[in-house]
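So the protein lines, in turn, are chains A and B. By the working numbering, the letter at position 95 of the first sequence is numbered 95, and the numbering carries on one by one without gaps. Quick note, the working numbering runs 297 ahead of the 1-based positions in the second sequence.
Please keep in mind that the hints were generated in silico from the structure rather than gathered at the bench. Glycine residues also receive a C-beta, built at the ideal position from the N, C-alpha and C atoms. Each hint should be verified, as a subset may be incorrect.
What the hints assert, rightly or not - 16 Å max Cα-Cα, derived EDC-like pairs, lysine to aspartate or glutamate: (1) K524/B to E86/A; (2) K940/B to D881/B; (3) K886/B to E347/B; (4) K886/B to E932/B; (5) K216/A to D464/B; (6) K127/A to D165/A; (7) K609/B to E84/A; (8) K216/A to E261/A; (9) K676/B to D75/A; (10) K263/A to D787/B; (11) K869/B to D833/B; (12) K944/B to D881/B; (13) K260/A to D395/B; (14) K121/A to D165/A; (15) K42/A to D118/A; (16) K121/A to D643/B; (17) K216/A to D395/B; (18) K524/B to D868/B; (19) K869/B to E84/A; (20) K241/A to D271/A; (21) K676/B to E74/A; (22) K609/B to E86/A; (23) K873/B to E861/B; (24) K260/A to D787/B; (25) K944/B to E880/B; (26) K676/B to E750/B; (27) K609/B to D868/B; (28) K524/B to E867/B.
To be verified - With beta-carbon atoms standing in for the labels, derived distance ranges: (29) G330/B to G10/A: 43 to 49 Å; (30) G826/B to A48/A: 53 to 59 Å; (31) I94/A to R951/B: 51 to 57 Å.
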Amino acid sequence: MKKHIRIWSGILFGLAIAAVTGWYLSRHSVAVLQPAGQISAKERNLIAFCALLSITIVVPVFGLLGYFAWKYHEDNPRAKYSPELEGSAAAETIWWLIPTALMVVISVITWRSSYALDPFKPLSSSKRALHVQVVALDWKWLFIYPDQQVASVNQAAIPVGTPVDFQITSDAVMTSFWVPQLGGQMYAMPGMSTQLNLQAAKGGTYRGTAANISGKGFADMTFAVKAVPSKQFTKWISAAKQTPLPLTTSTYADLAHPSKEAKPSYYGSVDQGLYDTILMKYMMPMGNNSQTLGVGH
Amino acid sequence: MLATLLGRLNWDQLPQDAITRGGAGSIVFGALGIVALITYLRRWKWLWKEWLTTQDPKKIGVMYIIVALVMLLRGAGDALLMRTQQAVASGSTAGPLDSYHFQQIFSAHGTIMIFFVAMGLMFGLINLVLPLQIGARDVAFPFLNATSFWLFFAGMALVNLSLVLGDFSAAGWLAYPPLSELKYSPTVGVDYWIWALQISGVGSLLSGINFLVTTLKMRAPGMTLMKMPMFAWSVLASMSLVAFAFPILTVTLTLLALDRTLGTHFFTAGMGGNAMMYVNLIWAWGHPEVYILVLPAFGIYSEVVATFARKKLFGYASMVWAIWAIVLLSFTVWLHHFFTMGAGADVNAFFGIMTGVIAIPTGVKIFNWLFTMHRGRIKFSTPMLWFMGFVVIFTIGGVAGVMMSVPAIDYQVHNSLFLVAHFHMMIVGGVVFGYFAGLTYWFPKIFGFRLNERLGRYAFWCWGVGFTMAFVPLYILGLMGATRRLDHYDASLGWQPLFIVAGLGVLILAAGIGFQILQLVVSIWQRDGNRDLTGDPWNGRTLEWSVPSPAPVYNFTSIPVVAERDQFWEDKQAGKKPVARYEDILLPKNTGAGIWIAGFAFLIGFGMIWHMYWLSVVALLGVVATIVVRASDDEPEYILTAKEVEKMDHALARRGSQYV
Numbered sequence: 001m002k003k004h005i006r007i008w009s010g011i012l013f014g015l016a017i018a019a020v021t022g023w024y025l026s027r028h029s030v031a032v033l034q035p036a037g038q039i040s041a042k043e044r045n046l047i048a049f050c051a052l053l054s055i056t057i058v059v060p061v062f063g064l065l066g067y068f069a070w071k072y073h074e075d076n077p078r079a080k081y082s083p084e085l086e087g088s089a090a091a092e093t094i095w096w097l098i099p100t101a102l103m104v105v106i107s108v109i110t111w112r113s114s115y116a117l118d119p120f121k122p123l124s125s126s127k128r129a130l131h132v133q134v135v136a137l138d139w140k141w142l143f144i145y146p147d148q149q150v151a152s153v154n155q156a157a158i159p160v161g162t163p164v165d166f167q168i169t170s171d172a173v174m175t176s177f178w179v180p181q182l183g184g185q186m187y188a189m190p191g192m193s194t195q196l197n198l199q200a201a202k203g204g205t206y207r208g209t210a211a212n213i214s215g216k217g218f219a220d221m222t223f224a225v226k227a228v229p230s231k232q233f234t235k236w237i238s239a240a241k242q243t244p245l246p247l248t249t250s251t252y253a254d255l256a257h258p259s260k261e262a263k264p265s266y267y268g269s270v271d272q273g274l275y276d277t278i279l280m281k282y283m284m285p286m287g288n289n290s291q292t293l294g295v296g297h
Numbered sequence: 298m299l300a301t302l303l304g305r306l307n308w309d310q311l312p313q314d315a316i317t318r319g320g321a322g323s324i325v326f327g328a329l330g331i332v333a334l335i336t337y338l339r340r341w342k343w344l345w346k347e348w349l350t351t352q353d354p355k356k357i358g359v360m361y362i363i364v365a366l367v368m369l370l371r372g373a374g375d376a377l378l379m380r381t382q383q384a385v386a387s388g389s390t391a392g393p394l395d396s397y398h399f400q401q402i403f404s405a406h407g408t409i410m411i412f413f414v415a416m417g418l419m420f421g422l423i424n425l426v427l428p429l430q431i432g433a434r435d436v437a438f439p440f441l442n443a444t445s446f447w448l449f450f451a452g453m454a455l456v457n458l459s460l461v462l463g464d465f466s467a468a469g470w471l472a473y474p475p476l477s478e479l480k481y482s483p484t485v486g487v488d489y490w491i492w493a494l495q496i497s498g499v500g501s502l503l504s505g506i507n508f509l510v511t512t513l514k515m516r517a518p519g520m521t522l523m524k525m526p527m528f529a530w531s532v533l534a535s536m537s538l539v540a541f542a543f544p545i546l547t548v549t550l551t552l553l554a555l556d557r558t559l560g561t562h563f564f565t566a567g568m569g570g571n572a573m574m575y576v577n578l579i580w581a582w583g584h585p586e587v588y589i590l591v592l593p594a595f596g597i598y599s600e601v602v603a604t605f606a607r608k609k610l611f612g613y614a615s616m617v618w619a620i621w622a623i624v625l626l627s628f629t630v631w632l633h634h635f636f637t638m639g640a641g642a643d644v645n646a647f648f649g650i651m652t653g654v655i656a657i658p659t660g661v662k663i664f665n666w667l668f669t670m671h672r673g674r675i676k677f678s679t680p681m682l683w684f685m686g687f688v689v690i691f692t693i694g695g696v697a698g699v700m701m702s703v704p705a706i707d708y709q710v711h712n713s714l715f716l717v718a719h720f721h722m723m724i725v726g727g728v729v730f731g732y733f734a735g736l737t738y739w740f741p742k743i744f745g746f747r748l749n750e751r752l753g754r755y756a757f758w759c760w761g762v763g764f765t766m767a768f769v770p771l772y773i774l775g776l777m778g779a780t781r782r783l784d785h786y787d788a789s790l791g792w793q794p795l796f797i798v799a800g801l802g803v804l805i806l807a808a809g810i811g812f813q814i815l816q817l818v819v820s821i822w823q824r825d826g827n828r829d830l831t832g833d834p835w836n837g838r839t840l841e842w843s844v845p846s847p848a849p850v851y852n853f854t855s856i857p858v859v860a861e862r863d864q865f866w867e868d869k870q871a872g873k874k875p876v877a878r879y880e881d882i883l884l885p886k887n888t889g890a891g892i893w894i895a896g897f898a899f900l901i902g903f904g905m906i907w908h909m910y911w912l913s914v915v916a917l918l919g920v921v922a923t924i925v926v927r928a929s930d931d932e933p934e935y936i937l938t939a940k941e942v943e944k945m946d947h948a949l950a951r952r953g954s955q956y957v
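Bound conformation, chain A alone:
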């Protein structure tokens, strides 16, 4: 009787935790599991598939652990006791083979998804991809639209249903560019240009964040990606063009100065080739002497 009470209270306790967790999750955004883009949806499906696959390992392990602990407890003298039993070729072969079989499945998934979801790979679409150049700064994000000749800080607009080709670099330390609802992250590194191809499937404002520690202002290094219909995107671009401030080498230098919690702002025009200039300055033989002390720190 007492045992029953214990089992039932255990089950009830588990259910209560599950209920509270479910209620909590229903009220909040679980970004990775609620994708709003083509890539993030595929990545979510992969997560779900692998999580289901892992049940085939977790259940037998927990089951055997619980069963053996109960059955072969020293207080159960009726259970068989074979102290000399030291292995079984058949049994061991089985558990070399089962994980191997699972790993074959996962390896195939790994191989195929690594190519299919390669962040550098352009997305196939009838529409021409939008180019956005991303520069990680201390501690804000600069988005340059080279074809539209505008730029924005801590906010980017993209058209829904159009592939976006983000070119990413950093003009400060290394960090990582991540918009979980649109897709996985990519490192931003000085003197390196990485790429991330994403596409929003539905309209909305998505939280973006620096994902790799980058110094004092790291936690404030967030941004918003607004996925809007094409028409509105055009409007956003023309509104940005109205901004009197141009992004030149000198206004860029002001922006690059370390600061926290920069409000979204815009530049009405952008110097041609600014992104390449930023990139190249780390690749020149005598460029950017990093050992110079006290630059804004």
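Once you have looked at the hints, place chain B on chain A.
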């Protein structure tokens, strides 16, 4: 003149805010308190002769463990501060720490937990057990062993000194450049990190070689490799990894130190520096390091399960193959720490698959442990409980790891709290639980009495429940888009409740640590009731249980001859009693040379950190001089005559009977 003498050191380097002052105060007063206590008890001479200068691996092991447990308290204190910060700092509410201080604390937490807790417990346990288990009287190089410990101690001292003088690195526990370069981290923090790890890392490398040679060359006659206890196998494997991986760490740290001190450009942004090289190098050491820590824990589980199930270990040969498969594979997976750095699909896919493949031998080991329980007579003493907790937590963390081995999944969880939850489940659930099992299991062999079982159970349940509460919410937070290392976050994200649950979990875990301290105190208090008079308190299987507890300085009166695995168990089954034979035994004399070398090494590091280069040069000469003096000692050993051994052995036997 003063600048040459003192470098960057000045009064401003003393702690400025309340929390740092508290930390600094606890370190200074803690140290002063210990000194005062020893002076009051007039124990300095005793301490120097019996402990500090000892070459006995069992005593060195105890010192490792004491340091590691004290550092566990410091690391756990850091964890409590971090959890408090994140539970509070939602929206405009400020936490107790500013971002820079918060970043120093998580950097210190990771550094201390890996290098000075996990490594300390590991080397401590190996020192205690390995020679006994393979039927040896000592390690291959006793003086080197003591020196390794003191180098470890010097590194630990540097990390803690950073709390009092200057600051600590705020660049994370692996200090990625360019953030860790002089331009972005101009203070002494990263230098403390570099030199603390460099000095203790050299100690680890020397220890690794020492135990490698010990296991290969000093086994009792008849103990072929395939007759070694599984813990000895795991040590052999882990130390092979140390020998290959730690040189990479030494080189990487040296290059970073050159960047910061001499203005070279190995990893700087620009001037031809390449931070990606650092990231590759540090993980080429860092991933094997994880297996360095977990393999000995696997060895402990193998001993514990076989002993408490009172049955032979299932699938011995499989276990050995699995260990070596892990060793080999562990050097082929480092890139999975940075799938997001832009390598091509083929490179990512290769490293992803190799990472997943490690799950195969690990899975085999889990099944072999489970089937060791099958048809056993399981006694659920605390070491067995730690094993049970390990299987549950490690399996959950393991499948999360396999998921993350798929690069396309990793893109979405990398650098998030999902990752943090995963690796804590591996390192706490896998490594720390294993070492706690080992500590409880071998405690009577070293101290002659058992730890209190009831308090041990309380500690286990607090750890298990608290740990689960602290880290399961982190998986969810990671999927919600929470990155690691945030000192505050936007309130509208709704993360706070989960951070609060995690914080409460850490409080329960802290209660577990409290019970462990209580367990130690109560067990010492009631030691006469818990004496291990037989030398074999758990009905053990391997040679260490064949000698009296506490194990005498010479370990074995005569070196045992081995014919089978689990020789001691087989002897007991056959009713064979050891025949006492006494012989002259050569033992290493005590020496303080290891302390001197480590003390000078500490000064080298201190000089480099504060740019007091003259001090580093003088201290380096000190190291050389100490080595020359030590090497000129023609009689580093003494002979314990057969008569003396007999007398000691009889005294031990009498001691046994006196409590019966």
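Outcome of the hint check:
no., hint, result
1, K524/B to E86/A, "13 Å, holds"
2, K940/B to D881/B, "8 Å, holds"
3, K886/B to E347/B, "11 Å, holds"
4, K886/B to E932/B, "8 Å, holds"
5, K216/A to D464/B, "14 Å, holds"
6, K127/A to D165/A, "12 Å, holds"
7, K609/B to E84/A, "6 Å, holds"
8, K216/A to E261/A, "12 Å, holds"
9, K676/B to D75/A, "9 Å, holds"
10, K263/A to D787/B, "15 Å, holds"
11, K869/B to D833/B, "11 Å, holds"
12, K944/B to D881/B, "12 Å, holds"
13, K260/A to D395/B, "13 Å, holds"
14, K121/A to D165/A, "9 Å, holds"
15, K42/A to D118/A, "12 Å, holds"
16, K121/A to D643/B, "13 Å, holds"
17, K216/A to D395/B, "9 Å, holds"
18, K524/B to D868/B, "15 Å, holds"
19, K869/B to E84/A, "14 Å, holds"
20, K241/A to D271/A, "13 Å, holds"
21, K676/B to E74/A, "6 Å, holds"
22, K609/B to E86/A, "5 Å, holds"
23, K873/B to E861/B, "14 Å, holds"
24, K260/A to D787/B, "14 Å, holds"
25, K944/B to E880/B, "12 Å, holds"
26, K676/B to E750/B, "12 Å, holds"
27, K609/B to D868/B, "14 Å, holds"
28, K524/B to E867/B, "13 Å, holds"
29, G330/B to G10/A: 43 to 49 Å, "46 Å, holds"
30, G826/B to A48/A: 53 to 59 Å, "55 Å, holds"
31, I94/A to R951/B: 51 to 57 Å, "53 Å, holds"
Hint check: no violations occur; every hint is consistent with the structure.
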